[in-house]
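Undergrad: Here's the letter readout for the chains.
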Amino acid sequence: DQQVKQNSPSLSVQEGRISILNCDYTNSMFDYFLWYKKYPAEGPTFLISISSIKDKNEDGRFTVFLNKSAKHLSLHIVPSQPGDSAVYFCAASGGNYQLIWGAGTKLIIKP
Amino acid sequence: DGGITQSPKYLFRKEGQNVTLSCEQNLNHDAMYWYRQDPGQGLRLIYYSQIVNDFQKGDIAEGYSVSREKKESFPLTVTSAQKNPTAFYLCASSRGQSLVKLFFGSGTQLSVL
Numbered sequence: 002d003q004q005v006k007q008n009s010p011s012l013s014v015q016e017g018r019i020s021i022l023n024c025d026y027t028n029s030m031f032d033y034f035l036w037y038k039k040y041p042a043e044g045p046t047f048l049i050s051i052s053s054i055k056d057k058n059e060d061g062r063f064t065v066f067l068n069k070s071a072k073h074l075s076l077h078i079v080p081s082q083p084g085d086s087a088v089y090f091c092a093a094s095g096g097n098y099q100l101i102w103g104a105g106t107k108l109i110i111k112p
Numbered sequence: 043d044g045g046i047t048q049s050p051k052y053l054f055r056k057e058g059q060n061v062t063l064s065c066e067q068n069l070n071h072d073a074m075y076w077y078r079q080d081p082g083q084g085l086r087l088i089y090y091s092q093i094v095n096d097f098q099k100g101d102i103a104e105g106y107s108v109s110r111e112k113k114e115s116f117p118l119t120v121t122s123a124q125k126n127p128t129a130f131y132l133c134a135s136s137r138g139q140s141l142v143k144l145f146f147g148s149g150t151q152l153s154v155l
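Chains as they are written, first to last, in the working numbering: chain A, 2 to 112; chain B, 43 to 155.
Honestly, the hints are just simulated from the structure, not real lab data.
Please note that the accuracy of each hint is not assured.
Stated by the list, open to error - FRET-style restraints, in silico, Cβ to Cβ:
#	chain 1	residue 1	chain 2	residue 2	range
1	B	Tyr52	A	Glu16	29 to 39 angstroms
2	A	Ser75	B	Glu57	39 to 49 angstroms
3	A	Pro41	B	Thr128	34 to 44 angstroms
4	A	Ile54	B	Phe130	29 to 39 angstroms
5	A	Gln82	B	Asp80	28 to 38 angstroms
6	B	Gly58	A	Asp56	49 to 59 angstroms
7	A	Lys69	B	Asn60	38 to 48 angstroms
8	A	Ile19	B	Asn95	43 to 53 angstroms
9	A	Val79	B	Arg137	45 to 55 angstroms
Idealized CB from N, CA, C, for every residue including glycine.
Let's have the full structure, built from the sequences with the hints guiding it.
TA: Printed below as a string of structure tokens:
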């Protein structure tokens, strides 16, 4: 039972364009959502987060949007840069120590 | 530089053997975690520890054991009871109960011979 789903295993985007990574969840008790970025042979690093009381959070080129009614969040990267090529994980928290993770989306930025 | 160190990077296990994965942090974080990643799946929590000498099971603790004798160290033992141990193992830490920023090590790839 996957409570957090990232339905696109990979995404290819032209450098300079917008990258949109999607994440769906099923548990309405989730109240905090996070995006992590992972390069090969490294551990994930925290990128951006959003609380369920907000619908948007922005940090530089990265913006996360939350649509609670649709149980959907998305990560926008504008403009996309070659260094953004990585695997992006969506994770959700229901207030305890447990983070529920999506399977990840591999983003490839083409020059 | 502060961070989390996992060793070894690659580990091979024979049938019936117990193996121990090392995780050390010098971030002075209270909480530490072990996750398992399988291809095409998200990270799954094996064990976590909020303070020294205390730890709790995560979703997939069967076949694993941990100890937390020191704040800096949280080793994971993959026992012979774990029938499908081949996976990428990630150790993480966080300050207090913060889930916002988990700091991860670079992982250990465990394979069965």
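Undergrad: A separate judgement is required for each hint: does it hold in the structure or not?
TA: Hint check results:
A C-beta distance of roughly 33 angstroms is found between Tyr52/B and Glu16/A, which places it inside the suggested range of 29 to 39 angstroms. Our hint of 39 to 49 angstroms for Ser75/A and Glu57/B holds, since their Cβ atoms are close to 45 angstroms apart. For the pair Pro41/A and Thr128/B, the supplied restraint of 34 to 44 angstroms is violated, since their beta-carbon distance comes to about 18 angstroms. A hinted range of 29 to 39 angstroms holds for the C-beta pair Ile54/A and Phe130/B, which are about 34 angstroms apart.
Remark: the range hint 28 to 38 angstroms for Gln82/A to Asp80/B is upheld by a beta-carbon distance near 30 angstroms. Distance hint check: the CB atoms of Gly58/B and Asp56/A are about 53 angstroms apart, consistent with the given range 49 to 59 angstroms. With their beta carbons about 45 angstroms apart, Lys69/A and Asn60/B fall inside the hinted range of 38 to 48 angstroms. At about 49 angstroms, the beta-carbon gap between Ile19/A and Asn95/B stays in the expected band of 43 to 53 angstroms.
The beta-carbon spacing between Val79/A and Arg137/B, approximately 31 angstroms, falls outside the hinted interval of 45 to 55 angstroms.
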